[in-house]
Amino acid sequence: MVDISTNLCGLQLSNPVIPASGTFGFGEEFKNFYDLNILGSISIKGTTKEPRFGNETPRIAECTSGMLNSVGLQNPGVDAVISDKLPKMKEFYNKQVIANISGFSFEEFEYSCEKIDKADNVGIIEVNISCPNVHGGGMSFGTNAESAAEVTKRVKKVTTKPVFIKLTPNVTNISEIAKACEEAGADGLSLINTLLGLRVDLKTKKPVLANKKGGFSGSAVLPVALRCVYEVYEAVKIPIMGMGGVSTADDVIEMMLCGASAVQIGAANLVNPYACKEIIENLPHAMKKYGINSLKEIIGGAH
Amino acid sequence: MHKIISNKNIAKDVFEMKLSGDTSKITAPGQFINIKLDGFYLRRPISVCDYNSDTITIIYKTVGKGTEYMSDLKSGTELDVLCGLGNGFDTSKSGDKPLLIGGGVGVPPMYNLAKKLISENKKPAAVLGFNTADDIFYEKEFMDLGIEVKISTADGSAHNKGFVTDIFPEDYTYFYTCGPIPMLKAVCDKTKTSGQLSFEERMGCGFGACMGCTCKTKYGDKRICKDGPVLLKEEIIW
Ligand SMILES: Cc1cc2nc3c(=O)[nH]c(=O)nc-3n(C[C@H](O)[C@H](O)[C@H](O)COP(=O)(O)OP(=O)(O)OC[C@H]3O[C@@H](n4cnc5c(N)ncnc54)[C@H](O)[C@@H]3O)c2cc1C
Ligand SMILES: Cc1cc2nc3c(=O)[nH]c(=O)nc-3n(C[C@H](O)[C@H](O)[C@H](O)COP(=O)(O)O)c2cc1C
Ligand code: FES
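Line by line, the protein sequences give chains A and B.
The numbering of the first sequence is this note's numbering, which starts it at 1 and goes up by one.
The numbering of the second sequence is this note's numbering, which starts it at 1 and goes up by one.
In isolation and in its complexed conformation, chain A is listed as follows (with noise of 0.2 Å):
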């Protein structure tokens, strides 16, 4: 028997696998495909402090081996995911859910974060400075390490639970930023968040985004993220949440030996919404095809 457990923070996790973050909504579309409790967690859409519609559509644009979306944090605001999302996951997900947070000040992550904290199924709680998608907002808390810093240090205050800063990849130097929220105090990073770009629909000859401008993800984003990946394991001691592009138990296995303690899949749920499960199944097969006994073993390994 191969071991495919691991942890993040004293979290126990059954496998490393976990849906990302708006790419799994609260888990109530993904019930119907299979027994959610094979998860090893699940990152819940990002959450901000007020009730968000997003951007205008067209939202998703399609691009080689991945997609552009500008969703824009569309989300029920953190009241209504605390008195609403989080306990009705609970009817269908008996394990610790990671929340998502997001905000447009240091006061509004603060909000968000202190709230959430309270609810008791959250076990970790992942901080969004990175989303490409909103003017003004998260991009400018992540692009700098004084501001992600700041950000961490405002939430650290109001919550006891382990805090994973997520970072975006649109950065010179994410080390720089990674070491900066560690600095800071946080206990974990999840990367990386989309990579920014654009389409242009021939037909309209405009881009085909309303917003223009999107987030770049699924299978063509994995080298950027396992370099990512491996820069910022060198760079801090605290565990990395891996993801970008992540679509097989391979990549899985490739994510966590650049230093991934988890790994998070996020656009390939809505191509195969049976995504995760399969990831899971396949991965004791694809460990001893490339002779590992434990997967806590191998993170860093590629170092």
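The hints are simulated quantities; they were obtained by calculation from the structure and are not laboratory data.
Glycine is no exception: its CB is placed at the ideal position from the N, C-alpha and C atoms.
It is possible that some hints are incorrect.
As the list claims (entries may be wrong) - Chain B regions said to be covered by chain A (calculated; three or more residues, Cβ under 8 Å):
id, segment
1, 203-210
2, 215-221
What the hints assert, rightly or not - Keeping only pairs whose Cα atoms sit at most 30 Å apart, straight-line, the calculated DSS-like set for lysine-lysine is:
id, chain 1, residue 1, chain 2, residue 2
3, A, Lys49, B, Lys218
4, B, Lys216, A, Lys31
5, B, Lys216, A, Lys206
6, B, Lys226, A, Lys88
7, A, Lys205, B, Lys12
8, B, Lys226, A, Lys31
9, A, Lys203, B, Lys8
10, B, Lys216, A, Lys115
11, B, Lys8, A, Lys213
12, A, Lys212, B, Lys216
13, A, Lys213, B, Lys216
14, B, Lys8, A, Lys90
15, A, Lys203, B, Lys185
16, B, Lys8, A, Lys277
17, B, Lys222, A, Lys277
18, B, Lys65, A, Lys203
19, B, Lys226, A, Lys212
20, B, Lys122, A, Lys206
21, A, Lys115, B, Lys222
22, B, Lys36, A, Lys31
23, B, Lys216, A, Lys49
24, B, Lys216, A, Lys205
25, B, Lys226, A, Lys206
26, A, Lys277, B, Lys36
27, A, Lys31, B, Lys25
28, B, Lys65, A, Lys206
29, B, Lys222, A, Lys88
30, B, Lys61, A, Lys205
31, B, Lys185, A, Lys205
32, B, Lys115, B, Lys150
33, A, Lys206, B, Lys12
34, A, Lys203, B, Lys216
35, B, Lys61, A, Lys206
36, A, Lys213, B, Lys36
37, B, Lys226, A, Lys277
For this one, chain A is given, so just place chain B with the ligands on it according to the hints.
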């Protein structure tokens, strides 16, 4: 997996594909399926035109690389398809004489809807609009249902010259429609009864997870793929 049993050209740039496989997830006319194509990252949403216990019929127009790829697929090819997506049309509201209005590749979902209404002992009438004679498909199939069928072409090359809204019957109890946005808008302006309209939007997942397809309605924000594609006339914000 679903297997292609036939895939044939039925009008200019329009193809009819029959797939065999599980259809148990389809619960209402107007729902759609989402098709994975080799070499394309996102699935392609296409309305169910008709179905029975083991076959699904879809009709699609080649408008880009994905649908062109589909048109080359041979019988026997297996496709990964998600079925029974979306809310579909609610036939309980139709009254005795519902009017079905289809424009171009908005015609297909009207076919199974007509069958369902007939099975409920109602007397639907169909008004189908195309641009030109070469675009017309399923005329005979609709006639064979034994219902009143009227066809318009924008250029007058066949049947009535003009738009669907020019050939509405005198009285009808309700309406159902699918087609290009300008047509849907014109239909809403012209119809005096309530009705249901099917919309399109670019989709990430097609089953409600990504919030890629949300639109605002008078009854709140709705995902076209999950809370739609069918919306009520009353709730639409144009
Ligand atoms: C609920 C629903 C039902 C549909 N039913 C039918 C049908 O019965 N028959 C039919 O011919 N067409 C139908 N369409 C439109 C069909 O999905 C598009 O024509 C098709 O996706 C185009 O793919 P492509 O690769 O050829 O075009 P490309 O332009 O190359 O596609 C690029 C991307 O844009 C998306 N896209 C392009 N046009 C549309 C569109 N109109 N709606 C949604 N996404 C689009 C594609 O899915 C793809 O992700 C339906 C769309 C929706 C949302
Ligand atoms: C449709 C969509 C919505 C997303 N929404 C969020 C979000 O709300 N919060 C967040 O931190 N990341 C969000 N992301 C980013 C993903 O969580 C993930 O970091 C990224 O997509 C890379 O992984 P992937 O290549 O596996 O998709 C979203 C991604 C997609 C595709
Ligand atoms: S396409 Fe993903 S929610 Fe509608």
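Each hint tested on the structure:
Evaluation of the coverage hint for the segment 203-210 of chain B: fulfilled, as 7 residues show C-beta separations to chain A shorter than 8 Å, against a requirement of three. Coverage of the segment 215-221 of chain B by chain A holds. Counting CB-CB distances below 8 Å, 3 residues qualify, and the rule asks for three or more. A hinted pair counts as satisfied when its Cα atoms are at most 30 Å apart, and A/Lys49 with B/Lys218 qualifies at roughly 23 Å. Our distance criterion of 30 Å between C-alpha atoms is met by B/Lys216 and A/Lys31, whose separation comes to about 26 Å.
For the given pair, B/Lys216 sits about 23 Å from A/Lys206 by alpha-carbon distance, which is consistent with the 30 Å threshold. With a C-alpha separation of about 19 Å, the suggested pairing of B/Lys226 with A/Lys88 holds against the 30 Å cut-off. Of the supplied pair hints, the one linking A/Lys205 and B/Lys12 holds, its CA atoms being roughly 25 Å apart against a limit of 30 Å. With a C-alpha separation of about 15 Å, the suggested pairing of B/Lys226 with A/Lys31 holds against the 30 Å cut-off.
In summary, the hint linking A/Lys203 to B/Lys8 is supported, as the alpha carbons are separated by about 26 Å, within the 30 Å threshold. With a C-alpha separation of about 28 Å, the suggested pairing of B/Lys216 with A/Lys115 holds against the 30 Å cut-off. Taking the CA atoms of B/Lys8 and A/Lys213, the gap is about 38 Å. The hint is violated against a cut of 30 Å. For the proposed pair A/Lys212 and B/Lys216, the alpha carbon gap of about 20 Å is at most 30 Å, so the pair holds.
Taking the CA atoms of A/Lys213 and B/Lys216, the gap is about 21 Å. The hint holds against a cut of 30 Å. Between B/Lys8 and A/Lys90, the direct Cα distance comes to roughly 48 Å. Violation of the 30 Å bound is thereby established for this hinted pair. In summary, the hint linking A/Lys203 to B/Lys185 is supported, as the alpha carbons are separated by about 23 Å, within the 30 Å threshold. Under the criterion of a C-alpha separation no larger than 30 Å, the hint pairing B/Lys8 with A/Lys277 is inconsistent with the structure, at around 36 Å.
Restraint check for B/Lys222 and A/Lys277: satisfied, since their Cα atoms lie roughly 28 Å apart, inside the 30 Å limit. Using a Cα cut-off of 30 Å, the hinted pair B/Lys65 and A/Lys203 holds, with the two alpha carbons roughly 13 Å apart. Using a Cα cut-off of 30 Å, the hinted pair B/Lys226 and A/Lys212 holds, with the two alpha carbons roughly 25 Å apart. Proposed proximity of B/Lys122 and A/Lys206 is contradicted: the alpha carbons are some 46 Å apart, above 30 Å.
Taken as a hint, the A/Lys115 and B/Lys222 pair is honoured in the structure, with Cα atoms around 27 Å apart against an allowance of 30 Å. The suggested pairing of B/Lys36 with A/Lys31 holds, with an alpha-carbon distance near 21 Å, which does not exceed 30 Å. Our distance criterion of 30 Å between C-alpha atoms is met by B/Lys216 and A/Lys49, whose separation comes to about 20 Å. At most 30 Å may separate the alpha-carbon atoms for a hinted pair to count; B/Lys216 and A/Lys205 meet this at roughly 26 Å.
Of the supplied pair hints, the one linking B/Lys226 and A/Lys206 holds, its CA atoms being roughly 28 Å apart against a limit of 30 Å. Between the alpha carbons of A/Lys277 and B/Lys36 the distance comes to roughly 18 Å, so the proposed pair stays at or under 30 Å and holds. The suggested pairing of A/Lys31 with B/Lys25 holds, with an alpha-carbon distance near 15 Å, which does not exceed 30 Å. At most 30 Å may separate the alpha-carbon atoms for a hinted pair to count; B/Lys65 and A/Lys206 meet this at roughly 18 Å.
Proposed proximity of B/Lys222 and A/Lys88 is supported: the alpha carbons are some 20 Å apart, at most 30 Å. With a C-alpha separation of about 21 Å, the suggested pair B/Lys61 and A/Lys205 falls inside the 30 Å cut-off, and the hint holds. Distance check on the hinted pair: B/Lys185 and A/Lys205 sit about 25 Å apart at the alpha-carbon level, within 30 Å; holds. For the hint linking B/Lys115 to B/Lys150, the alpha-carbon distance of about 17 Å falls within 30 Å, and the restraint holds.
Annotation: proposed proximity of A/Lys206 to B/Lys12 holds, straight-line Cα distance about 27 Å (limit 30 Å). Taking the CA atoms of A/Lys203 and B/Lys216, the gap is near 26 Å; set against the 30 Å cutoff, the hint holds. With a CA separation close to 22 Å, the supplied pair B/Lys61 and A/Lys206 stays within the 30 Å bound. Taking the CA atoms of A/Lys213 and B/Lys36, the gap is near 25 Å; set against the 30 Å cutoff, the hint holds.
Among the hinted pairs, B/Lys226 with A/Lys277 is consistent with the structure: their alpha-carbon atoms are about 22 Å apart, no more than 30 Å.
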